[in-house]
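K.L.:
For the record, the sequence lines run as chains A and B.
Here the first sequence stands for residues 1 to 342, where the numbers follow our numbering.
Here the second sequence stands for residues 1 to 540, where the numbers follow our numbering.
Just so you know, these hints were derived from the structure itself, not from any lab.
Hints are not guaranteed to be accurate.
Listed next, with one range per pair, are the computed distances between beta-carbon atoms [claimed, not checked]: (1) V324/B x K50/A: 22 to 32 angstroms; (2) E239/A x A131/B: 22 to 32 angstroms; (3) F288/B x G221/A: 37 to 47 angstroms.
Built from N, CA and C at the ideal position, the CB exists for glycine as well.
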Amino acid sequence: MKHKRCIITFCLIAGAFLLLLSGCVSSEKEKKVVVYTSVDQHYSEPVLKKFEQETGIKVLPVYDVEAAKTTGLVNRLIAEKSRPQADVFWNSEFAQTMLLKENGVLVPYRSPSAQDIPDSFRDPEGFWTGFGGRARILMVNTNLVNQGDLPVSIYDLTSEKWTGQEVGIAYPLFGTSATHAAALYASLGPQEGKKFYESLKTKEVQVVDGNSVVRDLVAQGRLKVGLTDTDDAYQAVSEGAPVKIIVPDQEGMGAFIIPNTVALVAGAPNPEEAKVLIDYLLSPEAENDLTASGFIQAPLRSGMVKDEVADWSAVKKMEVNFESVYQNLENVKNELSQVFVR
Amino acid sequence: MSFPRYLSGKSGILGLLKYLGLIAFVLVTFAPLAALFYEMAHKFMAMPGAWLDLVVPGGRRLALLLRSAGLAAAVAACASVLGILTASVLIYWNTGRAGRLRWLAVVPALLPSYVHAMAWDTFFFRLSQLAKSVGLSIQINGWLAAWWVQVMALLPIAVGLSLLSLETVKPKLIEAALVHRPEFEVLNRVVLPLAAPVILAGAGIVFVLSLIDYTIPSLFLINVYPLEIFADFSASSEPGRALILSLPLLLAAALVMVLAQSLIRRAAGASSGRAVRWTGAPVWKGWFGALQALALLVLAVQAAVPLIELIIKIGNLSAISTAVSSAKSEIIYTLLIAFLVAVFCLPLGLAPALELNRGGKGSRIWWLFLTLPLAVPASLVGIGLISVWNQPGLQYLYGSLLMPVLAGLARFAPLGALVIFAQLRRIDPMLLDAARVAQRRPWQAWSQVGLPLLKPGLLAAALVAFVLTAGELGATLLVAPPGQATLTMRIYNYLHYGASSSVAGLCLLMMITGLAAGLISLLALTGSSFRKSSGEKALD
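Start from the sequences and build out the full structure, keeping to the hints where you can.
P.N.:
This is the structure we're talking about:
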């Protein structure tokens, strides 16, 4: 009797497993699109759900996590290159998108929604298109720093006003921190760029696990000043933390703006639906929604939701060529590993 | 005394099933690694010079590796000492409810390391704020903080292994020694030397687990060798390179485990073959008793700090319900994957466990097979799975639930096998010999006596696999089907976004799941240890 029960239990489990496997295969007729995105699920999910409601195309997202330290989705896309699952890649920055282009993971698609996006935010060959960005900014705890001592430049991170224990950056080896470092290399030259980070190392600033950690430490008062992204900083502001956002280098090189990028995956299983999604993400409507939600602070179009923190249309932006930033990226990561991972 | 030959399944249908199980285990666990090694070898042959400097770490990398090894050694030493002190008290809690409760000390081993890291980081900050308010300056960070938090995260494992080590010592030897010498001298000169093989093996396991962890050290601003692996992977996007950089860790893990398993084999030979019961708690010297009390206090703090910090961060009960309702689909998906891994790791883990139990030269190979996968970075396992399964004709399987299940099996089936092996060592083979006399066919003795005796270990292995799979991130992120996500992926997304109360709520849910699973597992295991069967009574 016991044997029969075991056999029946095993058959039930196996049957359930097979049913689940089959259930994972959707109907051939259902329209769907698979998007891999590094944009925080909190911001991207509402946009994708709205797209689903408006178009009837089911969206199957795969979200990245900061803790994977950029070994996540990008490497998944490269590994799947010969038989991709993804249709669209929506990135919160541009360097990894360019890496994918170099690895043959993308194909050109020039969206009609992108006609009003400046050429400098589009790949010349049409492999990717940029839209609405974030900025690299300084975040200051207003309980600990007086109005007269506010930093105005990223070079103030090396100032003697603060000790190394009071200043924080994320590892410039991953994500937007690495892209910012590459932008500095491109803008200032490799020697000057490296010198800046070496001075941070000499000062023994706190080098933490990610931009969100910088945000949390400044908001808690464990750091006085930190270098992070606008979306992280805005989250602290919205939660009522005693922090102030400083857009740096307005008298100098300008603030580095990092656009979102979206691209069509080569060999996408659902190419037509993918193009519909790309058109939607590049539309003013989507850019406005992302601006309103707090993910985009530097929209590329005018007439977006008004930002109470800064007038981004008047902000001085760092003049830097994205291709040049990308070409510096691998060198930056290798050099700065030597500086910071020791 | 080894498991009877007919139940080890060397012949007939049982033998065939065992060999199929061994093949399945090797395929599931090592196919992803084999794919990575193939890619690595392919590129190595094309550009040998470029890869040579990665194989042998030098300069900065060597310094990082040595520093990581130093931290791991310090963690293993401290955890082992605390483990022995705690076990020397708990070993005498061996009847009734106390006999089960003592194993609760092992349950927090199932908590994800990031829960420990976050909780202790906040605790240190609160401590420094409190000290500041009374005019003192206390800063716990850097190496000290990283060392302490890793000790806290791995202490339950050290305590469990120390308890097992003391259980291998026959009480009659202790009783005989106590006739001639006082208690402390007996502990020092009889008990510890006899228990040393398993104590050292436990220290080796803690060493390896500390060596491969970078989440805790990086939170406290300490750079360790695994971080170098990820930094290079991020720069190059070449998994073959990352695997080569991982070789020093793999070699260190293999070295420690080869040493540890040879010691455990010696200890297994000295084992009484069935669970032992220590009686008559001794009277210790004052200073030793104080150390034991301190160790017990540390153990209590180790469990209390994560729990209290999570409760504080949650703020109110509605935060838990909000977090749970927003992550409903992830919770269900996680439970489903973890359940399937738990179920399928049993047939996969049983065959290697039987091979380990047979002893001999063959078991040495299986020790390596079971311990090497522990040292491989999770994301490389994910890349390997993509290489193996993203093939023509397999698309139906590749985009399905099968992939995260395979990721869980590749990572945790070896641990399941080790847990089953531990239970095999506790079964008295004489019971099985008696059953064989009464049964007409070998499979009847196996199914009616062997499996029921093994049941607690199977349940424990299933629950260990269940909880570890639920907390797995690196490999799952790479193979989860589009549109599906696990609870851990959701937690990390919240972490980045900054929803601390939601994160705390979901972490508490993970903690409760782990504790419940551990409790059930331990109740099942300890139930077989101290409940004498009629067979055991007859043998007495």
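K.L.:
All the hints need checking, so say for each whether the structure fits it.
P.N.:
Evaluated hints:
For V324/B paired with K50/A, a C-beta distance near 25 angstroms keeps the hint of 22 to 32 angstroms intact. Range check, E239/A to A131/B: Cβ separation about 27 angstroms, and the 22 to 32 angstroms hint holds. For the hinted restraint 37 to 47 angstroms between F288/B and G221/A, the CB-CB distance of approximately 44 angstroms keeps it satisfied.
Going through the hint list in order, the structure satisfies each hint without exception.
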